[in-house]
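Heads up: the protein sequence lines correspond to chains A and B, in order.
The opening residue of the first sequence carries number 52 in the numbering used here; numbering runs sequentially from there.
The opening residue of the second sequence carries number 492 in the numbering used here; numbering runs sequentially from there.
Among these hints, one or two may not hold up.
What the hints assert, rightly or not - Within a straight-line C-alpha distance of at most 25 Å, the following computed SDA-like cross-link-like pairs (lysine to any residue) qualify:
id	chain 1	residue 1	chain 2	residue 2
1	A	Lys240	A	Ala463
2	A	Lys242	B	Pro637
3	A	Lys240	B	Ser552
4	A	Lys242	B	His554
Honestly, the hints are just simulated from the structure, not real lab data.
Keep in mind that this is a model prediction, so the values were computed, not measured.
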Amino acid sequence: MRRVSRRQFLYGGFGAGTLALAGCSTPGTSAVNTQPTIPPAAQGETVRLTYWAWITDLQVVADIWNEQNPHIQVDVSWIPGATDGGYQKLYSSLAAGAGPDLAQVELRALPEFMLVNGLVDLTRYGVEQYENRFDETLWGQVSFADGVYGIPQDSGPVGMYYRPDLFEEAGAEIPTSWVQWREAGRALKEKGIFLDSFPLTDGSVFTAHAMQAGATWFQAEEDSWVINMSDEATLDVARFFDEVVDEGLVTTQHEPYSPGWFAAASNDQIASLVSASWGDALLSGVSGAEGLWRVAPAPRWEHGYGSSTIGGSTSAVMANCQHPAEALEFAVWLNSHPEGIDGLIEHSGIGWSANPEHIGTPRQGPSEFFGGQEYNTEVFEPAAYDQNPDWQWWPIVQQTFSILGDEFRRKAQGLSLVDAVIAAEEATIEVFKNKGLSIRRADR
Amino acid sequence: MSGTAEQAQPTVHRTAEEVSRRGSAQTIIVTGILVIVTLYFLVPVYWVVVAASKSTDDLFSTHGFLFSASFQLFENITQVLSFDNGIFIRWLLNSVLYAGVGSLIATYFAAAAGYALSTYAFRGRNVIFGIVLGGVLVPGTATALPLFLLFSQIGMVNTYWSVLIPSLVSPFGLFLCRIYADATVDKSLVEAARIDGVGEIKIFHTVGLRIMTPALVTVFLFQLVGIWNNYFLPLVMLTDEGLFPITLGLNHWRSQTDRLPEFYELTTGGVLLSVIPLAIAMIVLQRFWRGGLTEGAVK
């Protein structure tokens with residue numbers, strides 16, 4: 052993973068002027084990382100930490116820690132998921148100079164929180180000593196400019212869930228490349244079965260495909276962000292899905308995991324689903340699906356990597372935290388200690404563990420739902436380490452996803468995905484400029 | 492059959508018959524429109540009832556508007572009420588508190604202010620009225636964040652007060668009360684009471700409030716529905732699950748469906764239950780409401 056240097060950070064997209072601007076626009080925030088560090092609490096003093104997260108029953112996991120660490124007690128509050136109101140709540144509490152000590156922040160949202168001085172740089176509290184406990188790719192995604200702004204919690208390596216019976220019925224092979232995948236789709240179409248679904252309203256799935264194909268949409272350079280959304284890898288992916296959608300091999304009506312999708316899947320109308328490891332729990336919501344599905348590695352492009360990732364969160368120490376040293380200690384335990392990871396999987400249903408040494412006890416051994424397949428160790432564990440290491444998130448990821456979604460929707464009016472990607476790149480550049488972030492196109 | 496009847500009719504009656512036919516055509520059109528509108532409003536409610544009676548499996552595998560073979564409405568509702576030590580009942584009571592107390596006091600304030608602006612002539616009363624009226628145009632969502640910053644400074648976020656206090660004002664209610672008081676509270680009646688030696692506050696309570704009752708019911712209902720359905724203000728203000736109103740609580744459950752599909756049933760069951768108090772309030776209070784509007788019109 053190519054790290055961004057401090058110079059790049061200061062003079063790059065996050066430039067000093069921008070930080071000042073962000074500081075002005077969000078009352079109450081101050082550059083927390085330029086103030087003196089807060090020393091750990093004195094011996095014998097009890098520290099109470101608050102933690103806002105939207106994963107379920109995190110308090111149960113925190114209580115395991117609370118029992119073993121009487122001097123650092125963690126209280127968890129539930130907030131709505133990310134853009135459903137959770138971030139809104141975090142931003143407003145930051146502006147009020149209050150809020151929790153720790154919070155769940157998605158990997159892709161870290162740069163946005165950094166723009167409003169919302170996160171503590173953990174290198175000031177000695178986070179480097181824990182680096183070796185975490186997956187390299189994920190550590191790269193929380194590191195900016197020699198700083199570390201969150202402890203990776205989980206990720207979502209991509210594989211392919213599929214129905215062997217439907218493939219067999221259509222006489223199709225289980226694909227290992229996207230070209231084979233499309234051929235299987237043609238055979239399935241003759242039986243009236245969709246190969247998969249392609250969401251036109253949500254850019255994150257397409258982004259994952261581009262990431263797998265080896266695209267790197269953003270890079271922070273010395274003087275600005277460099278955007279490269281319409282590189283050859285991305286356009287290849289767009290052209291490919293243009294054909295697949297035009298041929299009617301995939302449904303664009305039902306987004307994966309939407310009620311309509313569940314209905315179609317339980318009616319044997321959907322043969323496969325290229326999605327993240329956390330999709331396993333959702334698949335179990337398909338009526339009568341037990342034992343019918345299996346998991347295979349994601350199909351490969353001719354270039355790029357074996358897998359990509361969708362989703363993923365961090366435990367971030369927030370700017371108004373009064374006890375960053377203790378907060379860091381808990382965050383590291385929660386996300387790297389086997390007890391923490393197993394608790395998070397069992398009670399909170401997190402995605403793929405951020406600690407390569409421990410994928411989680413509940414994830415070992417055969418799965419009844421997938422017909423006895425040991426799919427986690429067989430498919431997702433290798434997938435988690437076959438990732439695009441150059442990928443980097445940028446400050447307006449959510450907006451880029453909705454821009455992509457808006458453009459994709461015009462596919463219904465005859466616009467191609469290729470045009471959509473090019474238009475989305477333009478629109479993203481515009482948003483960067485409006486935010487006062489410097490950006491330029493990559494040289495080709 | 493109508494053909495034979497028409498042939499039997501003498502020509503003299505034709506105009507009268509035409510009038511009645513046109514009348515019945517109008518009735519049919521109006522009734523038709525009303526039926527469509529009723530369907531439009533009731534279909535979602537029907538859907539909620541159907542959805543709340545299904546298991547999670549059936550919810551996605553059977554037709555949305557048809558009951559499935561296994562009818563488990565009561566199991567679902569029991570589960571909603573008992574899940575997590577009955578947290579849903581707590582949310583329901585919180586909503587009743589926020590919406591009930593909030594709209595009662597808000598109505599009283601709106602009535603007092605509207606009555607005062609209507610009855611007393613003082614310098615700047617139209618300026619005050621104009622400014623308050625401006626408040627009608629500001630959506631509640633826009634004020635939620637400034638309110639949060641304010642409450643945060645005085646250390647009152649994450650308390651019952653943080654949702655209750657902002658709910659106590661209703662610019663629209665004040666507007667309605669003033670207009671209504673202008674039209675119905677007779678100045679000579681107020682004058683007569685004063686001559687009898689009744690204090691101003693008492694005149695307001697015995698004469699003003701009583702005459703304005705129909706308008707107050709309207710304000711109360713509007714405010715009740717407004718607070719009951721408010722999502723953004725409690726979202727920003729509250730962190731403690733025990734303080735959540737039903738809107739926030741249901742969203743909490745809905746968000747769990749990503750990992751735990753059984754929450755779909757809890758959510759639809761909860762939605763069904765959460766509609767009931769509002770439906771009761773509407774049915775009980777609607778007669779005052781209707782009476783009120785006609786009274787104003789006749790005047």
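Against the structure, the hints come out as follows:
1. A:Lys240 <-> A:Ala463: Since the Cα atoms of Lys240 of chain A and Ala463 of chain A sit roughly 20 Å apart, the hinted pair holds (cutoff 25 Å).
2. A:Lys242 <-> B:Pro637: violated, 58 Å
3. A:Lys240 <-> B:Ser552: Answer holds: Lys240 of chain A to Ser552 of chain B is near 22 Å, not above 25 Å.
4. A:Lys242 <-> B:His554: holds, 23 Å
In summary, the one numbered hint that this structure violates is 2.
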